[in-house]
Amino acid sequence: MYLTEPKLFDIVKKQFRFKMNAHAAAFTMLVFLQGVSFALELSNNNAFNHFHEMMPSITWISFSSGQFLGLTLVWAFVLGVLITNTARKNESFSFVTTRLSHHLANFLFMVFASVIGGITVVLCGSMLKLFTFFRYGEVAVQTPGLIAAPGDFFIRLVTAIALVSLLFFIGYTISSLFQFSRILIVLLFLGWMTPFLQRFAENGIGFLFNEPSFMLFVVKIVMTLFILFGISVASTNRLEVGQ
Amino acid sequence: MTVIHFKDVTKSYRKHNVLKSMNFTIERNVITGVIGRNGVGKTTLMKIIAGFMEEMSGTVEVFSEKPFNNLRVSANSIFIDDAMAFPQAMTLQDILKECSRFYANWDGELANRLVDYFDFHRNARHQFLSKGKKSTFNAIIGISARCPLTLFDEPTTGMDAAVRKDFYRALLKDYLAHPRTILLSSHHVEEIEDLLEDVLLVQNGAIRFHGAITELQEMFIVLTGKHEKLSRHTVGKEVVLRDTSGPFPNWTVANSFTEAEKDQMVADGIIISPVSANNAYIALTNGPKGGIDDVFDRTETV
Amino acid sequence: MIGIMTLTFILILGILLFSLTKRKSHIIPGQFKRRTHLTISAVFISFLFITAAIAELMEPFRATEMDLVKVPASLEQERIDLEMNMMNGTNVDSTLILETRTHPVGDTLTIHRNHGEYEGPIVYVERKKSNDATVEEIIYKPFLMVSDYDFSDALTVAMPVWTDDSVTFQQNSLMEVTKVSYYDAPFLTRWTQHPVQGDDGYSSVSRSPVVQLIVPEHVEIITPSGDEDVFFIDELNG
Chain A
1 MYLTEPKLFD
11 IVKKQFRFKM
21 NAHAAAFTML
31 VFLQGVSFAL
41 ELSNNNAFNH
51 FHEMMPSITW
61 ISFSSGQFLG
71 LTLVWAFVLG
81 VLITNTARKN
91 ESFSFVTTRL
101 SHHLANFLFM
111 VFASVIGGIT
121 VVLCGSMLKL
131 FTFFRYGEVA
141 VQTPGLIAAP
151 GDFFIRLVTA
161 IALVSLLFFI
171 GYTISSLFQF
181 SRILIVLLFL
191 GWMTPFLQRF
201 AENGIGFLFN
211 EPSFMLFVVK
221 IVMTLFILFG
231 ISVASTNRLE
241 VGQ
Chain B
244 MTVIHFKDVT
254 KSYRKHNVLK
264 SMNFTIERNV
274 ITGVIGRNGV
284 GKTTLMKIIA
294 GFMEEMSGTV
304 EVFSEKPFNN
314 LRVSANSIFI
324 DDAMAFPQAM
334 TLQDILKECS
344 RFYANWDGEL
354 ANRLVDYFDF
364 HRNARHQFLS
374 KGKKSTFNAI
384 IGISARCPLT
394 LFDEPTTGMD
404 AAVRKDFYRA
414 LLKDYLAHPR
424 TILLSSHHVE
434 EIEDLLEDVL
444 LVQNGAIRFH
454 GAITELQEMF
464 IVLTGKHEKL
474 SRHTVGKEVV
484 LRDTSGPFPN
494 WTVANSFTEA
504 EKDQMVADGI
514 IISPVSANNA
524 YIALTNGPKG
534 GIDDVFDRTE
544 TV
Chain C
546 MIGIMTLTFI
556 LILGILLFSL
566 TKRKSHIIPG
576 QFKRRTHLTI
586 SAVFISFLFI
596 TAAIAELMEP
606 FRATEMDLVK
616 VPASLEQERI
626 DLEMNMMNGT
636 NVDSTLILET
646 RTHPVGDTLT
656 IHRNHGEYEG
666 PIVYVERKKS
676 NDATVEEIIY
686 KPFLMVSDYD
696 FSDALTVAMP
706 VWTDDSVTFQ
716 QNSLMEVTKV
726 SYYDAPFLTR
736 WTQHPVQGDD
746 GYSSVSRSPV
756 VQLIVPEHVE
766 IITPSGDEDV
776 FFIDELNG
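Chains as they are written, first to last, in the numbering used here: chain A, 1 to 243; chain B, 244 to 545; chain C, 546 to 783.
Only chain A is shown next, with the shape it has when bound in the complex (with noise of 0.2 Å):
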């Protein structure tokens, strides 16, 4: 029986396509939580009435897309920590793998999803604004959409998936540390109650999101992106499998 010459790349793509099939609950928890998110958001009771004797009274009903990205980051989060951990992995070790390949498919699955998610974010918001249009008629948009300013809804989709993206990713790290070390992970946990941790996460989200510029705050993220997948891989390449 002849050898096959396995190629990284065609490895990787066919754990990813395996990772799709595998993961194809991910969505339906997606499309459920968004469910969730725009009943929340019709059931919330989000108008500000303003009553003042010598005034007319305001009554003033906003809807807004915030809720699909609160809870769309939660489930990035929590994916990104569920399909590292060891039942996953040995899943992809049934097939044809190495932790390199099973790695990089993860990494195209997370940022697969990520663009779902990040894309998802965006229509659901323009969903809420076609319920406000049907069910008030006139609505105040104050965040202009596709036809009235489409570099916003340009950007706006852009940022969702990073977002999105560095929210799984950070799951994917954590649970990947956890596997390499729980002592490190309850280590970080105890460091976290220092002020010097704390003061390194503000500078850190400050960074990311202070950036004035939308380009460079894009590079941030995709660097920040490789870093933590970096770290992943490293953390992990030398863990048995099955045990």
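Because the hints were derived from the structure by calculation, they are not lab data.
Where hints are given, some of them may not hold.
To be verified - Per label pair, the in silico range of CB-to-CB distance:
1) C/587 x A/148: 23 to 31 Å
2) C/779 x A/216: 55 to 63 Å
3) A/226 x C/623: 48 to 56 Å
4) B/245 x A/198: 51 to 59 Å
5) B/373 x C/584: 23 to 31 Å
6) C/584 x A/148: 31 to 39 Å
7) C/587 x B/360: 29 to 37 Å
8) A/216 x C/681: 56 to 64 Å
9) B/375 x A/188: 41 to 49 Å
10) A/227 x C/618: 34 to 42 Å
11) A/216 x C/618: 25 to 33 Å
12) A/195 x B/257: 36 to 44 Å
Said to hold, decoys possible - Lysine to any residue pairs mimicking SDA-like chemistry, simulated, CA-CA at most 20 Å apart:
13) A/13 x B/347
14) B/309 x A/240
15) A/7 x B/312
16) B/416 x B/350
17) A/220 x C/737
18) C/615 x A/138
19) B/376 x B/411
What the hints assert, rightly or not - Some chain B residues well away from chain A (every beta-carbon gap over 10 Å; in silico):
20) 300
21) 301
22) 360
23) 371
24) 446
25) 499
26) 512
Note that the Cβ used here is the ideal one computed from N, Cα and C, for glycine as well.
With chain A fixed as given, assemble chains B and C onto it according to the hints.
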């Protein structure tokens, strides 16, 4: 061509040494049975070969490469055990489809026929299968993948006798049509002895015996006769098993007799018969402790 | 901020421990098969694309975008400072003035209030030296800002009614205004041309219309309903 080569390989978990200095070589297209008592390191050994685990010291070569984290080894080998995990959303059909993508020599036709033969429902999901059914399905994957190196770790766990027989038969037939290197671990030696060419006997984290199964059998002979005659003829010989359950005592003895000695025994009314592979295996692995009977014999004499 | 992050961290730890203890932790109630999952996702995403396309196409017709305008801080300050500026005799920005009128007046000016307490305009009376037998009336716009957004245009002013030597202030119109607005997740708008802050609690600043009457010194002012709601600038300035 050498497929697997182990040189001074060790492996331990925390302080427990599972493998202590493993040395062996497995050639291409041989079916080797990995046998040994529970907990001697058969699974660890096979997982190292599959690249799931890493040796602590020594050299492991599979297809002339270190298997740990090796894509070439992974693509050319498959490891089948009852703990194989598949995503719960995937049906058996989905899993077979994945296999066909991953394994270059995958025979989908054969897999389908086997799945039908063993009465699987294609839309069933792996994790809801019974233990025996799971093992059967995994075994189907192992056979149909036709990997140049196929590792079965206790593949028959939970299977009933009929299915077990069918599985071994299927494996043998497919092996004859498409020869490949197969490692099969089991502690039911009597079941696989017809299938095996070589055995790799693992004991105490080392290789106790590696060779053709007939060689293993030739290491011992069974002597049947009166007790005092047996005692007289086996002075200075290593008696590994004393079976007294039959009408005559039945001793398994290390085969260090010369032809003359054998003739003498026959003349003395002792029946000499070959040992079964299973008994040879038990004899070899029992070591100086003797059999379970000895545990009771000793307490009685005290 | 840090408190929330610590909470998040605890959450993370919880999830990790959970996924560790339950080896076969499932991402979702795993009753569905792969195909079902894919179908649900595909249907949902197609649905989203359609609704989003409709929404975006409808927006130019349904959106009343210009209605909600953020008030520049300078304007807000000027509005708040109006009364003080008026008292100090500092010039008031003309954009804050709704109307300036002049009315002939005799020896007395009677101020009637045709409304309940605090439900009419705020009235300031200033004396002028020249005796030209006219009262200058300056009506300043009312304003209402909710979370920095200007709702002033929604306010209508009931103009004071002048008859010979008397003025009657009307009740402020107490109409009800309902505004519906939509904004995308504030974080996503950070780098856009139209960033929004999101609602971290509403605050509102408002004021009724202010009427300034500049009355000749000798004209006697009669307030049948009492003095309390008419401010005399000279007296206030002591």
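Right, here's what the structure says about each hint:
1. C/587 x A/148: 23 to 31 Å: Given a distance of about 30 Å, which is inside 23 to 31 Å, the answer is holds.
2. C/779 x A/216: 55 to 63 Å: This hint holds: roughly 60 Å between Cβ atoms.
3. A/226 x C/623: 48 to 56 Å: holds, 51 Å
4. B/245 x A/198: 51 to 59 Å: holds, 57 Å
5. B/373 x C/584: 23 to 31 Å: Distance hint for residue 373 of chain B, residue 584 of chain C holds at roughly 29 Å.
6. C/584 x A/148: 31 to 39 Å: Holds - the Cβ-Cβ distance for residue 584 of chain C and residue 148 of chain A, about 35 Å, lies within 31 to 39 Å.
7. C/587 x B/360: 29 to 37 Å: With a Cβ separation near 35 Å, residue 587 of chain C and residue 360 of chain B satisfy 29 to 37 Å, so the hint holds.
8. A/216 x C/681: 56 to 64 Å: Check passed, 57 Å falls within 56 to 64 Å.
9. B/375 x A/188: 41 to 49 Å: holds, 45 Å
10. A/227 x C/618: 34 to 42 Å: Given about 40 Å between the Cβ atoms, the range holds.
11. A/216 x C/618: 25 to 33 Å: holds, 28 Å
12. A/195 x B/257: 36 to 44 Å: Check passed, 37 Å falls within 36 to 44 Å.
13. A/13 x B/347: holds, 15 Å
14. B/309 x A/240: OK: residue 309 of chain B and residue 240 of chain A at ~15 Å, within 20 Å.
15. A/7 x B/312: Holds, at roughly 14 Å.
16. B/416 x B/350: Distance ~14 Å between residue 416 of chain B and residue 350 of chain B Cα, so the pair holds.
17. A/220 x C/737: holds, 18 Å
18. C/615 x A/138: Holds. Residue 615 of chain C to residue 138 of chain A sits at ~19 Å (cutoff 20 Å).
19. B/376 x B/411: holds, 15 Å
20. 300: holds, 15 Å
21. 301: holds, 16 Å
22. 360: holds, 22 Å
23. 371: Nearest chain A Cβ is 16 Å from residue 371 of chain B, so the label holds.
24. 446: holds, 23 Å
25. 499: Answer for residue 499 of chain B: holds, closest chain A Cβ roughly 41 Å.
26. 512: holds, 53 Å
In summary, this structure violates none of the numbered hints.
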